[in-house]
Amino acid sequence: MKSHQTAQTMKPATAAKKLGVYLPATPAEFQEGVVSRAELNELQANPPEWLRDLRRDGPHPRPVVAAKLGVSISGLARGGVTEALTTEQIEELKQEQPEWLEKERATQAEVRKETARLKQRDAERAEQDTE
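Counting from 1, one number per residue, gives the positions in the sequence shown under our numbering.
It is worth saying that the hints were derived from the structure and are not from the lab.
Accuracy of the hints is not assured; some may be wrong.
What the hints assert, rightly or not - Lysine-lysine pairs mimicking DSS-like chemistry, simulated, CA-CA at most 27 Å apart:
#1 K103 - K11
#2 K68 - K18
#3 K113 - K68
#4 K68 - K94
#5 K94 - K11
#6 K119 - K94
#7 K113 - K103
#8 K113 - K94
#9 K68 - K119
#10 K68 - K103
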């Protein structure tokens, strides 16, 4: 017997997340359809103009905004940023350096430092266990 393989598909929200774009800013055809794995791979390999524009100018989803600002998604929420921001708005925030942004960046730096310390500690323990 021959097995019939169907194309793996995903909801537009999942595809938008994988592409790093804000779903409500995508074209209606993208929002209303389903995206196959092959279509997603093609969008990633050869992004159409709308996708290049969204990635460059936004609006960007919160994970992208957080990364561009160097803070966590929770830090954005604590700072009162709950909606998608454009690249221009992100740059304005960087220029203004509001107090919440400075505080969240410092918090994020501490988290990264602690994560690196724990990783180093675990690596040293693993090395000792193999000796």
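So, going through the hints one by one against the coordinates:
As the CA atoms of K103 and K11 are separated by approximately 36 Å, the hinted pair breaks the 27 Å bound. With a C-alpha separation of about 17 Å, the suggested pair K68 and K18 falls inside the 27 Å cut-off, and the hint holds. In summary, the hint linking K113 to K68 is supported, as the alpha carbons are separated by about 19 Å, within the 27 Å threshold. A threshold of 27 Å between alpha carbons decides the hint, and for K68 with K94 the separation of about 9 Å falls inside it, so the pair holds.
Taking the CA atoms of K94 and K11, the gap is near 34 Å; set against the 27 Å cutoff, the hint is violated. For a cut-off of 27 Å, the pair hint linking K119 to K94 is broken: about 30 Å separates their Cα positions. Taken as a hint, the K113 and K103 pair is honoured in the structure, with Cα atoms around 15 Å apart against an allowance of 27 Å. For the hint pairing K113 with K94, the CA-to-CA distance comes to about 22 Å; that is within 27 Å, so the pair holds.
With a C-alpha separation of about 24 Å, the suggested pair K68 and K119 falls inside the 27 Å cut-off, and the hint holds. Our distance criterion of 27 Å between C-alpha atoms is met by K68 and K103, whose separation comes to about 16 Å.
The structure fails to meet hints 1, 5, 6 from the earlier list, while all remaining hints are met.
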